[in-house]
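Undergrad: The whole structure should be built from the sequences, with the hints applied where relevant.
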Amino acid sequence: MKILGREPAMLLGLVAVLVKMAAAFGLDVSGEQQAVVNAVAAALVGLILAVMAHDGVSAAVLGFVQATLALAVGFGLDWSADRQAVVLSVAAAVVAMFDRTQVTAPVPAGAIQRPVRSVS
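Residues 537 to 656, numbered by the working numbering, are exactly what the sequence shown covers, in order.
Source of the hints: derived by calculation from the structure; they are not laboratory data. Misleading hints may appear alongside valid ones.
Label-pair distances were calculated between CB atoms; the ranges are [claimed, not checked]:
{"hint": "1", "residue 1": "A560", "residue 2": "A617", "range": "16 to 22 Å"}
{"hint": "2", "residue 1": "S625", "residue 2": "V652", "range": "39 to 45 Å"}
{"hint": "3", "residue 1": "V623", "residue 2": "Q649", "range": "41 to 47 Å"}
{"hint": "4", "residue 1": "V565", "residue 2": "S625", "range": "27 to 33 Å"}
{"hint": "5", "residue 1": "G549", "residue 2": "V593", "range": "31 to 37 Å"}
{"hint": "6", "residue 1": "V622", "residue 2": "V553", "range": "19 to 25 Å"}
The beta-carbon is built from N, C-alpha and C at its ideal position, and this holds for glycine as well.
TA: Pasting the structure below:
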């Protein structure tokens, strides 16, 4: 799993560019097929990250959202890059809200000493 390292988004970008380059130099693939390849790559990276994190449901969900959006655009959804970014940002925020309910602090709240305020 070292190939992903800390840059899974770079790997996805590389896959997308390689597919486009192959199409430009004669590989007979349609825009829809390119979208499918990129969607599968996004979903695969999400799955790999979920496995690497041992409990990375968030990465898998975000990978699925990204794959779904790529498929939709590949099959004719006419959204600007800005609109797509907003959808992905909302998905990330929703997942973060879910994660917040699943994570516990390593130190209980009562264990933190707070300064005592004197009333004068």
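Undergrad: It remains to establish, for every hint, whether it holds in the given structure.
TA: Hint by hint, here is what the structure shows:
Checked against the hint of 16 to 22 Å, the pair A560 and A617 passes, with Cβ atoms roughly 20 Å apart. Between S625 and V652 the beta carbon distance is about 42 Å. The supplied range of 39 to 45 Å therefore holds. For V623 and Q649, the Cβ-Cβ distance of about 44 Å falls inside the hinted range of 41 to 47 Å, so the restraint holds. At about 29 Å, the beta-carbon gap between V565 and S625 stays in the expected band of 27 to 33 Å.
Between G549 and V593 the beta carbons are some 24 Å apart, a value that contradicts the proposed interval 31 to 37 Å. With their beta carbons about 24 Å apart, V622 and V553 fall inside the hinted range of 19 to 25 Å.
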